[in-house]
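S.K.: Below, each chain spelled out in residue letters.
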Amino acid sequence: MLQERIPNLKALVEPDRVHRLCYADPDVFDLEIARIFDRCWIYAGHESQVKKPGDFWTFQIGRQPMVMVRGHRGAVHVLYNRCPHRGVQVCGARHGNAGEVLTCSYHSWRFHYDGTNESVPLPRGYEETTFAGYDRNMKRAPRVESYRGFVFASLAGDGPSLQEWLGPARVAFDDICDRSPEGEVEVVMNCYRVVQRSNWKFFMENQLDAVHPSVTHESTGRAAADVEFQIQRRTGEKPLHYHMLSAFTIPFEKWDSLETIGYPHGHTVLGGYMGLRPQDPDTVAYEKVLAKAYGERKKEEFLSRNIHHVLVYPCLSIQSPLQQLRAIRPIAPDRTLSEIWHFRLKGAPEAIYRRSLWYYNLVNSPATMVNADDLENWQKGQWGLASEGGDWVSFHRDYGRDKVEGDVLRSSNGCSEAPMRNQFRAWLQYMTAA
Amino acid sequence: MTAVAAKKPKQRAPAKKTARPAAARAARGAAPRRAADGAHLQREVEALLYRQSEALDGKDWKGFIDLFAPGGVYWMPPAPHYTSWDGQPSIFAEDRDMMTVRMKRVTHPHAWSQQPDWGTNHVVSNVVVEKVDPKSGDVHVRSRFHMVELRRDELRHFAGAYRHHLGRTKDGLRIKLQRVDMVNAQAPYEYVLQVWV
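Listed in order, the protein sequences are those of chains A and B.
Residue numbers for the first sequence follow numbering that gives the first Met the number 0, so the first one is 0 and each next one is one higher.
Residue numbers for the second sequence follow numbering that gives the first Met the number 0, so the first one is 0 and each next one is one higher.
Simulated from the structure, these hints should not be mistaken for lab results.
Remember, it's a predicted structure, so these values are computed and weren't measured experimentally.
Note that the Cβ used here is the ideal one computed from N, Cα and C, for glycine as well.
Do not take every clue at face value.
[As the list claims (entries may be wrong)] Derived SDA-like pairs (lysine to any residue); straight-line CA-CA distance at most 20 angstroms:
no.: 1; chain 1: A; residue 1: 379; chain 2: B; residue 2: 154
no.: 2; chain 1: B; residue 1: 103; chain 2: A; residue 2: 246
no.: 3; chain 1: A; residue 1: 379; chain 2: B; residue 2: 153
[To be verified] One-sided excerpt, in silico: chain B residues whose CB lies under 10 angstroms from chain A:
no.: 4; residue: 77
no.: 5; residue: 102
no.: 6; residue: 108
no.: 7; residue: 109
no.: 8; residue: 151
no.: 9; residue: 188
Whenever a hint applies, use it, and build me the whole structure from the sequences.
M.R.: This is the structure:
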C-alpha cells in the first residue's frame with residue numbers, strides 16, 4: 000500500500016517543487032480518487048441538459064458511473080447508475096429520455112426518477128424471504144446542489160455546501176450567466192470528448208500556465224496571424240475568430256502582466272487578455288441589450304470582470320467570456336477524459352453566440368489546432384514523470400513573491416507558477432485529510 | 000473495392016473515346032449534356048476523389064486546398080443529424096482561409112505534434128453520383144472512406160461517408176462543400192485530428 004511505499008505523503012509536496020509520483024503512481028492515483036474525487040463537489044452537468052422529466056445524462060465521479068435525471072417536479076437527481084437487483088447499469092445510453100420510469104433491461108426492476116423503487120416484477124417470488132428489508136432503490140449521490148444552473152454532486156455526506164466550497168470561484172458561473180440579459184445560459188447539446196494520455200493534473204495546471212502558449216502554440220499563432228493579415232489586406236477587416244488563434248503570438252511580457260488569484264480548495268482565476276470587448280456593431284448592440292436588462296451600472300460591472308479562465312478544482316475549467324466549459328474525468332494515472340461544452344447566453348444576439356461557437360470549433364473541437372500541441376506535451380510529460388530520469392517537478396518561478404492575503408494567494412505576475420502552487424496546496428490538504 | 004471500380008478495366012477503352020468532347024465541355028465550364036456522359040462523369044468524379052485522398056496521404060496540403068472552389072467549405076459535423084455547418088458546432092468547418100491556417104500550422108517547424116512519425120492512408124470507395132443539377136452543372140456525390148493513421152508507434156482507424164457538392168470551374172470540378180460524417184464522430188477521440196480526414 001501507499002503508506003508502506005511512501006511513508007509520508009507530505010514529503011511529495013514541497014512549497015516550490017513536487018515529486019513525480021504525484022503524477023505517475025497508481026497508489027497515489029487511487030488515493031486521489033478516494034480523497035479528492037469521492038469527497039469534492041464534482042460537476043454533473045447543466046440543468047438544460049435534462050429539460051424534460053425523465054431526461055438523463057450519464058457521467059462519472061471518480062470511478063463511479065452516475066446518471067443525472069430530471070424529476071417530475073423539476074428537481075435534478077443524481078443517482079449511481081446501478082440496479083440494486085444484480086448491479087446492471089440502468090441507463091445504457093449516454094443520454095436520452097427514460098420514458099415513464101427508469102427500467103432495468105435485465106429483469107425490469109423499475110425506478111422513479113429520484114431512484115426510489117417503483118416496482119419489482121413477480122412479487123410472489125419474494126414471499127417468505129427477507130426481501131422486505133432489502134434496499135431496492137437506486138442509490139442516490141449523498142449531496143446534489145446547483146449554482147446558477149450548473150449541477151454538482153458529492154459522494155460525501157458531509158462537507159461545505161457547494162456555494163461555500165466554490166467561494167470566490169463562483170465568479171465563473173456569475174460571469175457566464177450575467178453576460179446573458181436573462182441571467183441564464185443554455186447548454187448547446189453537443190459534448191466533445193477527447194482522451195488525454197496524461198495525469199489529470201497536467202490539464203488543470205496547463206489551463207493557467209501563461210508561459211506555455213507562445214511556446215507550445217507558436218505554430219498555430221503564427222499561421223493564424225499570417226492569414227489574418229492576408230484577410231485584412233484583402234478585405235480591410237480582421238475577423239475576430241482569427242484573433243482567437245493569433246492571440247497565441249502575444250509575447251511573454253504581455254502574459255506576464257496578467258494576474259492569477261488562488262483561492263482555497265485549489266480554485267484559481269487567470270485574468271483576461273484577449274480583448275474580447277471590441278467595439279464592433281455586434282458588441283455595441285449586445286451591450287445595449289444588457290444595459291436595458293440591468294441598467295448601465297450593472298452592465299459595466301458585469302462586462303468589466305477581468306477573467307480569462309477559472310479553474311474549479313479538481314475537475315472544471317471555465318472560460319466564461321467565451322462560454323466554454325471543460326470537465327475532466329480521471330481514468331488512470333496516465334489517462335484522463337475531457338468533456339467539452341459550450342453555452343448560449345439566453346436572450347443575447349446571435350452574433351454573440353457565434354463568437355462562442357468559433358472558439359468551440361477552433362480551439363475545443365477534436366480537430367483543434369491548439370490542443371493538438373498541448374496533448375503532445377502532456378503525453379511526453381507523463382512519460383518523463385514515469386521515468387527515473389529525475390524525481391522532481393519544479394514550480395519555482397516567482398516563488399517567494401506570491402502575495403498571501405489570508406487564504407488567498409495572488410501571483411506577483413502572470414507567468415508565475417503560483418497557480419500550480421495553489422493547486423498543490425489544496426491537493427495536499429485533501430490528500431492528508433482524515 | 001466497389002462494383003464500379005471493379006468494372007473499370009473493361010470500360011476503359013470505350014470511356015476513353017467519349018472522354019474528349021465531355022472534357023472539352025468541362026473545360027468550358029459547361030455541364031455534360033448527354034446520358035452517355037454518365038460513365039465519363041463517374042470517372043471524372045472518382046478521379047477527383049482519388050486525387051483528394053492522395054493529396055492528404057502525400058501531405059500535399061496546397062493541392063488539397065486547391066481542390067476547393069473559392070468559398071468552398073470542408074465540414075465535419077459532430078453527429079449525423081446536423082444539416083448545416085453555419086451556426087452549429089462542427090468538428091471542422093473550414094473555408095480556404097482557415098484551411099490555409101491549418102496548412103501553415105502543420106508545416107511550421109515548431110508544430111510540435113508533427114514531430115513524431117505521422118501519416119495517413121485513405122481508401123475511397125462506393126462512389127455514387129446522386130444528382131447533376133441541369134442548370135448549374137453542379138454534381139452531388141456520395142462515397143465511403145476508410146482511413147488509417149499512424150502517429151508515433153500506433154495506428155488509429157477512421158471510417159465514414161463523404162458527400163461532395165462539386166461545381167464546374169475553369170479548372171474542372173471543384174468542391175463547393177465536402178461533408179464528412181465519421182462513424183465515430185461522437186465517440187471519445189484518442190488524441191485529436193491534426194488535418195482533414
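S.K.: Answer holds if the nearest beta-carbon of chain A is closer than 10 angstroms to that of residue 151 of chain B; otherwise answer violated.
M.R.: Status holds, d = 9 angstroms.
S.K.: Closer than 10 angstroms between Cβ atoms is the bar; does residue 77 of chain B clear it against chain A? Give me holds or violated.
M.R.: holds (5 angstroms)
S.K.: Would the pair residue 103 of chain B and residue 246 of chain A pass a check requiring their Cα atoms to be no farther apart than 20 angstroms?
M.R.: holds (16 angstroms)
S.K.: Does residue 108 of chain B pass the interface hint, meaning its C-beta sits closer than 10 angstroms to a C-beta of chain A?
M.R.: holds (8 angstroms)
S.K.: Just to be careful, I want the Cα atoms of residue 379 of chain A and residue 154 of chain B compared with a cutoff of 20 angstroms; is the pair within it?
M.R.: holds (18 angstroms)
S.K.: Holds or violated: the hint that residue 109 of chain B contacts chain A, with Cβ atoms closer than 10 angstroms.
M.R.: holds (5 angstroms)
S.K.: Against chain A, run the beta carbon of residue 188 of chain B and see if the smallest gap drops under 10 angstroms.
M.R.: Hint on residue 188 of chain B: holds, closest Cβ of chain A at ~4 angstroms, below 10 angstroms.
S.K.: Please verify whether residue 379 of chain A and residue 153 of chain B have alpha carbons no more than 20 angstroms apart.
M.R.: OK: residue 379 of chain A and residue 153 of chain B at ~15 angstroms, within 20 angstroms.
S.K.: Mind checking the CB of residue 102 of chain B against every CB in chain A and telling me if the closest is under 10 angstroms?
M.R.: OK, holds: residue 102 of chain B within 10 angstroms of chain A, min 8 angstroms.
The earlier numbered hints are all upheld by this structure, with none contradicted.
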